[in-house]
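Given the coordinates of chain A, work out where chain B should sit on it, guided by the hints.
Chains as they are written, first to last, in our numbering: chain A, 3 to 501; chain B, 13 to 518.
These are computed hints drawn from the structure, not numbers from a lab.
It is possible that some hints are incorrect.
Here are the simulated lysine to any residue pairs, SDA-like style, with alpha carbons at most 20 Å apart [as the list claims (entries may be wrong)]:
no.	chain 1	residue 1	chain 2	residue 2
1	B	K176	A	I428
2	B	K87	A	L483
3	A	K380	B	E41
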Amino acid sequence: MDILFKLFPEAILTISIIFNILIISIAKNIKELKNAFLLVFIFSIFFTIASLIFQLYFIVSGNELIDLSLILNNVIVYGVSSFEIVSKILLSIVAIILAFIVSIYFYTDKYEHRYFKLEYLPLFLTVLLGSFVLVSAEDLLTFLIGFELVAIPSYFVIALDNKNKISLEGSIKYFLIGSISTISIILGILIFYIFNGNFLYSANLNNFNLISLKLGFLFILIGIILKLAVFPFSFWIQDAYYASRTPYLLLISTFPKYSVVLALIKMLSYIQDGYFKILLSVLAVLSMVMGVFWALNENDIKKIIAYSTVFNMGFILIPFTGFSFNIEQKIYVLSLVNFYIFQYILSTILILGVLLYLEEKYDTTDMLKLKGVLANNKALSFLLVVGLLSTAGLPPTIGFIAKFFVLAFSYKFNPILVIIAIIFSIASLYYYYRIAKELYVEKEFYLANNLSSLDFSLKNSLLYYVSLFGVSILLIILGLLPYFITNTFYFITYTTIKF
Amino acid sequence: MSSSFYSIGVLILILAHLVLPLLLFFIKEKYARCYSIIIGSLIGAFSIFLALSFYYNPDITLFTFNLNLFGLDYKFRIDNFNYSLILLNGLITFAFPLATHIKEREKDFYVLAFLVMFGTAGLFLTQNMILFVLFYELASVPMYFLIANWGSLGLTPFRKVEPKYAAMKLFIYLQLGGILVMLGFFILHSLVFPNDLFSNWNFSDYENILKMKGYLVDADLAKILFILFFVAFGIEAALVPFHTWLPDGHSAAPSSISMILAGILLKMGTYGILRIPFVFFNEALNSLSLIIIFWGLINMFWGALNAYRQIDFKYLIAYSSISHMGVIFMGIGANNDLGVSAAIFQMVSHGLISAVMFSVAGSFQYRTNTRILDNYGGLLRVMPFIGAILIFASMANLGLPGLSGFVAELIGISASLKAIYSNNLKIIFLLVSLGAIFITTVYVINLLEKVLYKKINPNYYELKDAHWDEKLHLTILALFILILGIYPRLIMDLSNLIKIKQIIGL
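This is chain A alone, in the form it adopts within the complex:
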């Protein structure tokens, strides 16, 4: 009973996945199935949220340390402290927003369900489950299970649009890259096990000086940054993003990034090693530089988002280099990384949400073909501009606050990296603003591919606008009340780390 209480979110998700698969195998009438499907999905998310809020209640009311982690032989094997709980709550919020946007999209599909695939929602839930496991993982095997739960559905999700050869190609590429990263991680875990005798992260604390352990961790790091698309391993990302239809892109560009970053930071918090700090700094700089340079001359919005991911993954490695034995500093790193990646995911969702509409209506994501399409659409241009501002790190959005504090914190121990980051942040403004310029400022309309004569009901969908406006207003309000969210993240991390 106790274990079930601790693993309540994961259990509920697993049950709803099984339930969904059963329904798919039974259902025949597509209309009926859609409704049943959505119902199940919303229910499972609802229960997850309910359980998480129930657990968060302990933190808020008792002002005590909440720790429901599974402990075996005095060692934490599955972390369920406030840090993980809140990360899961944020993941669930993102999932709910995505579920709304994507479900509405599927309901209003003008291609007669070409892009509505029943498999999408169970795959979606599996990724969510994998993210939960990744966030909670305290040892390498659990980490591997979570990693694969996140990765394997992503390969299928890209290929869901199976009439499109580009999608299939992208899926195969993504699969191959994913296999390489898994192989690398397994190799690293093997080395770890041979020299440490167990799989726990915390085992690194004492004997990380061994060169072989460093080698093992290097393999794991390569696997992880392959997934995150940090520079030397980011060659796949533009193809994978370009190949996937926007509703599928919404999935693969959010959860894997969030959960893998959190897993990486938990892993790194046990390792204070100078070499890895230098390595991460170099990777951060290369990523930011290449992310900007690739994106400058790119016309496809999806590819720009891919390169902006490369840039931001480089950016988020900057505070990683600040780990030290100083507890205060460790708390800052954990809370800032969590905060930064969360706001980045939200802004990406906003941009992709607008892109969903554009791709549906004009069947392209090339911004030269989309010139001026938002000039007379105030709502969508507002949403797009807020999303771009937040991704670019400009006020009055939350992206500015995240960037401000990450840089202000990192300046204290790594000023050169911060100056480089600042220079390339300015450079990155160019391509974000190019999107706004082509879509909003240019006045020539691209009429040749205008398919608005087809039945296209996304533009009349109130829920679509409500969910996107919800995200954008959240971004702005949190941007104007910056200390609300920074203090929350700080407090959560503070209550978690107690040694």
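Showing chain B alone in chain A's frame:
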């Protein structure tokens, strides 16, 4: 009771800048301008009221609004630094809807323009570094859309300037400035409070340290930081090697946006210099004084020289703006009682004069569809009112006694002379600055001759003189130029170095 009245007034001022324009979304497109004029007048009147009540009752504790939300101080205050700029902000907020001739997508235009005013008002009032950067970016981000969307082609002797090019250039430059300011704050924070992250971002925290220790950072570091902040804010305030975004931006922007750009946005930079490096690293300024003064002198001379050869009306005013910004830098560099007064006075004076001139340029462009000086001629005969205002503003621009430009230039130059100790340098300084003033006279007279007095172009016989809206705001702005010219104490009284040091507690 009265204290709470004024402090709530400050809050209302900030909120009115944000909330009233957002209501535009609920108003029909054809009433957008009417509504904007009304709220512009309301906000303007309220700003002027607050600024003047501060002048008659200069007690900053009355004019402080402080609210701590989740640990961040939302502290806004009218003090000796900014009350004159709040006055200017109010005047421009009042004037720019009246000077607007935009006919398409008016709602978007006014919302974005008021957002700029919100950013500038917030920047002048805030006492917190995070909010300072936030308002700085808030004021500069909408500028891109305002210029790229509603702009028009500019012409220099050498090239044509597309609005989109100019907007992107302006945007990148302003972002560069903003991000350097941010970097400066990071450096300052990590030097003074190495162990904090979320706390100690208020100006007052640093002022308290300054009061206790007498200095914030070591003397050498202070010099480097002063130069960093000076250049960072200087980019925004058209410091000479970094000024090229300004003429392009001005000429591409619609004229009412040029009014905002010259009137207020440039002043964010100079206010920033005065508020942050001037206060925090005042000791460092003693050794940097000469550099800053001569940098300002170069600004003044280079701007005037460039203005002389322009063929586009707005380019000419833009370069004349750059020339006048030099006086502000000189005043700051002089670091004495007169210098600070001159800097603050010139901020207001130049804001008003350039706003009037840009408004006139906009009126001419609206009627004749051209800004090339050689295409004009004899416009005084068909447009006596606007012509007279142009003559008035030009006279203020070249420093006619009795108008505000004269006061600023006089005290700016004499303050700088006081701060220069070497006689040879004094002579060089005087010769160059007088040369700049002489060139100013030449190009202003040249401008008036080309636009107003030459033989009239036959196409222009039918043109109408100013409407009521143009008459209204031009008259009021001109009136303030005159008032400041004959009663400069309105700004001089409170904005001298002793008063400013008192409020910081030094």
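Hints, verified against the model:
1. B:K176 <-> A:I428: 18 Å, holds
2. B:K87 <-> A:L483: 13 Å, holds
3. A:K380 <-> B:E41: 13 Å, holds
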